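Chains as they are written, first to last, in our numbering: chain A, 1 to 167; chain B, 1 to 509.
In short, the hints are calculated from the structure, not lab data.
A quick note: this is a predicted structure, and the numbers were derived from the prediction, not measured.
Heads up, some of the hints might be wrong.
Simulated DEER-style distance windows between Cβ atoms [unchecked claim]:
| id | chain 1 | residue 1 | chain 2 | residue 2 | range |
| --- | --- | --- | --- | --- | --- |
| 1 | A | 131 | B | 73 | 28 to 34 Å |
| 2 | A | 51 | B | 347 | 48 to 54 Å |
| 3 | A | 149 | B | 57 | 17 to 23 Å |
| 4 | B | 472 | A | 116 | 53 to 59 Å |
| 5 | A | 131 | B | 167 | 58 to 64 Å |
| 6 | A | 92 | B | 448 | 45 to 51 Å |
| 7 | B | 54 | A | 111 | 33 to 39 Å |
| 8 | B | 38 | A | 146 | 41 to 47 Å |
| 9 | A | 116 | B | 63 | 50 to 56 Å |
| 10 | A | 64 | B | 135 | 42 to 48 Å |
| 11 | B | 448 | A | 130 | 52 to 58 Å |
| 12 | B | 365 | A | 133 | 27 to 33 Å |
| 13 | A | 133 | B | 77 | 51 to 57 Å |
Note that CB positions come from ideal geometry on N, CA and C, so glycine has one too.
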Amino acid sequence: MALKLKLGEDVHEVEIVARRPHLTVRIDGRLHTLSDLGQAEDGFGTLILDGALVSYGRIGGTGTALLRIDGRTHAVEVVDPFEGSDGTGGGRDEVLAPMPGAVVEVHKAAGDAVTRGQAVLTIESMKLQTTLVAPRDGVLVAVLKSEGDMFEKDEVVARLAPVEGGQ
Amino acid sequence: MSQPAVLRDALPLQAPAAAPIRRVLIANRGEIAVRIQRTLRAMGIASVAVFHRVDAEGPHVTGADGTVELIGDSAVAAHLDGPQIVAAARASGADAIHPGYGFLSENAAFARQVAEAGLTFIGPDADTIALMGDKISARQFAEAHGVPVAPSVMPTGDLDAFAAAAEAIGFPLLIKAAAGGGGKGMSIVREPSTLREAARIASSEAQRYFGDGRVYAELYVERPRHIEVQVLGDGAGGAIHLFERECSVQRRFQKIIEEAPAAPLPEALREEICGAAVRLAAAARYKNAGTVEFILGTDGRFFFLEMNTRLQVEHPVTEMITGLDLVRAQVDIAAGRGLPATQPEIRVHGHAIECRICAEAPERGFLPATGAVRLLRVPDGPAIRFENALRQGQKVTADFDPMLAKLVVSGPDRAAAIDRAIAALKELAILGVETNVDYLTRLLDHPAFRAGDLHTAFVSEHAESLVAPPLDVAARDRALMVAALGQRAFRTLVSDVPEPQASIGAWRN
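Let the sequences and hints guide you as you build the complete structure.
So this is what it looks like as structure tokens:
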């Protein structure tokens, strides 16, 4: 399976093709080897890609990654980490805030059953109200924000119970 | 420079009585409060910080000798509450108040309250602030003292008289609503035949929007440069200049790159502009550091814009080329110790550039951005000043101005300063909130900027060539690889899959 990453306007595919002797990865058909993967955690680090040292700063373990490389900043969005793993689509467990803002109204509580597209929270960002909806059918295990609470972009504001037997 | 060291009219030569300054309340926050503290510490003067609760952990609070919390509905409201700040100064034993820039720094009523409380205001007296704070009175004062002002025709209800007077100025002309703002009732007239019609339209628009149909006209300066002169006045008619700064690169009417001295400027013109600024400061018996702003036309004519009666955001570039500490000079002047140097002693060494690092989205009209500083690395080096009050983890909200920090670098000449600034910007990393860092890098590296072909519409004129270029394939793959390796799901795939499965799909040559 390929990890789909959006950089700028385009979606790119990153795929593991071998793990030994070095990790070999195919990006949009181009092969690269990594002899040093760098740290897994957020922060400044280095890795060795095709024999060359790459220095970077990085934050974001899930969802959007923010990078500082070669004196430029990039936002790389994970299109869907579990894409292709099941056939149902829209299978995320989390409701993410699309931009920073505040909660105007909470429509659902932990324990409530929701159907895909049903409103969970109404938020206000940049003077615009938006409804955040359930990404799929399921049961809410947590609604993490109350009325008036602030949140950042990509913050998890509610979570669905994982689907039994699903990935 | 051939300017006389100090210009004096027939004014008393004695400086104001000395007032000891041992403890200073800084009525500000953020990078400027931190910067003022630094000089106070070097001078052996104690500093008192004020803060609103949203700012309680800010570096300006932790670095102060004393702190006072300000109460207010918002942080900005608290910092604008003059009586509360004066009370804080008295309660904390301060004998002087430094206002920084913004907030109350150019508020005449505040300067008066400070003086009436028996404290020293590190700035000019209230009357001077009031004189320069009013556009009309400042302009008249400048004109009366031989400082060039843009020719204009004052508001009138009589269209015929207006048209006749306006035509006498010459073209192009800018027609503005007397009560105006926001571009309403404003137009540029390039030839006599369209003047009356433009004035009529502007007048009816002004009537519709502002209920006041009066319009006025002034000479329209095309592709103007913004040149400003740093002055110091002792309050007794003595004044010197610390050369000029160029602040032509602006967006949303605010400066983003400033430099000292100006990008190429003929020596005679520089002397003329600096001389005009000193004349104004001396005539006003100006006491403090101040900035006289001018617009400079392509034809070499320059006109008074306004005088800022405070320390300026971009003051570090002047410090870097002159070696003088402007905050120290402000304190010394306020304490009655006079000017730090005579005019011939002030010399230019090299070139300095300041970049304002802002939380904003250059690709979306420079709209302010919010978020948090989740990862931070600041540039360091002998010719670098990174003025900031940032810390990792800090939230960037809409409570304050979007300026996060200032990067100031110097070099032996302009080209070297530009190269160093670009290198420092590339080293700077702020992740978690969108900033203009990469945009500034492109701006400094733009051929027109390097050539010094500057004017206040630079940003809009070069908008297309200032857009981020696409990454080449190798750089893009590097970025994608780093992004992928930060993903937990991807790391798991790399390390957790048992070997038999892992070798499936192994690629072979």
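| field | Distance restraint hint 48 to 54 Å, applied to the beta-carbon atoms of residue 51 of chain A and residue 347 of chain B | value | holds (51 Å)
| When you take the CB atoms of residue 149 of chain A and residue 57 of chain B, is the distance between them in 17 to 23 Å? | Taking Cβ atoms as reference, residue 149 of chain A and residue 57 of chain B lie about 20 Å apart, which means the hint holds.
| request: Starting from the range 45 to 51 Å, see whether the pair residue 92 of chain A and residue 448 of chain B falls in it by beta-carbon distance. | output: holds (47 Å)
| message | Against the range 52 to 58 Å, how does the distance between the Cβ atoms of residue 448 of chain B and residue 130 of chain A compare: consistent or not? | response | violated (41 Å)
| task | Just tell me: holds or violated, for the beta carbon distance of residue 64 of chain A and residue 135 of chain B against 42 to 48 Å? | result | holds (46 Å)
| message | I want to verify a distance hint. Is the separation of the beta carbons of residue 38 of chain B and residue 146 of chain A within 41 to 47 Å? | response | holds (42 Å)
| said: 53 to 59 Å was suggested as the range; check whether the CB atoms of residue 472 of chain B and residue 116 of chain A agree with it. | reply: violated (41 Å)
| query | At the C-beta level, are residue 131 of chain A and residue 167 of chain B separated by a distance inside 58 to 64 Å? | reply | holds (59 Å)
| said: If I claimed the Cβ atoms of residue 365 of chain B and residue 133 of chain A lie 27 to 33 Å apart, would that claim hold in this structure? | reply: holds (29 Å)
| Hint check for residue 77 of chain B and residue 133 of chain A - Cβ pair distance inside 51 to 57 Å | violated (37 Å)
| field | Range hint 28 to 34 Å (beta carbons of residue 131 of chain A and residue 73 of chain B) holds or violated | value | Given a distance of about 30 Å, which is inside 28 to 34 Å, the answer is holds.
| said: Taking 33 to 39 Å as the stated bounds, is the beta-carbon spacing between residue 54 of chain B and residue 111 of chain A within them? | reply: holds (35 Å)
The structure shown violates the earlier hints numbered 4, 11 and 13.
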